[in-house]
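Generate coordinates for the entire structure from the input sequences, incorporating the hints supplied.
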Amino acid sequence: MSALSRLLVSVGLLSLFHAAYSAQEVSIIATQLHVKPDLPVDIKAETLVAVFLACLGLVLGSDQLKPIAWNVWAGNIEKEGGAANPFRLFEDRPNYLDIRAKRREFAEWAKNGAIGAS
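Heads up: the sequence shown runs through residues -22 to -1, 1 to 96, numbered per mature numbering (1 follows the signal peptide of the UniProt record, and there is no 0).
Derived from the structure by calculation, the hints contain no laboratory data. Quick caveat, the model's predicted, so the values are computed rather than measured. Ideal Cβ placement from N, Cα and C applies to all residues, glycine included. Check the hints yourself; a few may be wrong.
[To be verified] Label pairs and their calculated CB-CB ranges:
| hint | residue 1 | residue 2 | range |
| --- | --- | --- | --- |
| 1 | K57 | F30 | 44 to 54 Å |
| 2 | L67 | H(-5) | 50 to 60 Å |
| 3 | N63 | I6 | 56 to 66 Å |
| 4 | A62 | P18 | 52 to 62 Å |
| 5 | W48 | H(-5) | 25 to 35 Å |
| 6 | G60 | S(-13) | 45 to 55 Å |
| 7 | A47 | K22 | 37 to 47 Å |
| 8 | A52 | L26 | 36 to 46 Å |
| 9 | K14 | S(-13) | 50 to 60 Å |
Here you go:
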């Protein structure tokens, strides 16, 4: 984090705490006077500016985003293999059966094996 971003986050958080403390004071005074507590515009504006400053400081202080490279990730997963592969269940499923080949095998077995055994 740079000095500017740290300064913005600090000022934003301090201002946010001040706005919260001011809102609490207004609420306490309004309940003592038995009036409906309504926040003044300056406290609402201070809250919005404080949140904006804190968010701006956090965004400016964050690292640069890295591009997403699906092929690099998938290549690393293929190299590692094993439990690290989230698609392992799809790749290891059994293939479809060839019904015609199974019928031919059964027919040959029935001709040769079953007749000779009886």
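Each hint tested on the structure:
Separation of K57 from F30 is about 45 Å and conforms to the stated range, judged on CB atoms against 44 to 54 Å. Our hint of 50 to 60 Å for L67 and H(-5) holds, since their Cβ atoms are close to 54 Å apart. A beta carbon spacing of about 59 Å between N63 and I6 agrees with the range 56 to 66 Å that was offered as a hint. For the pair A62 and P18, the supplied restraint of 52 to 62 Å holds, since their beta-carbon distance comes to about 57 Å.
A hinted range of 25 to 35 Å is violated for the C-beta pair W48 and H(-5), which are about 46 Å apart. Between G60 and S(-13) the C-beta distance comes to about 47 Å, which sits within the given range of 45 to 55 Å. Taken as a hint, the range 37 to 47 Å holds for the pair A47 and K22, whose Cβ atoms sit roughly 44 Å apart. Our hint of 36 to 46 Å for A52 and L26 holds, since their Cβ atoms are close to 44 Å apart.
Distance hint for K14 and S(-13): a CB-CB separation of about 35 Å, inconsistent with the stated range 50 to 60 Å.
Checked against the numbered hints above, the structure violates hints 5 and 9; every other hint is satisfied.
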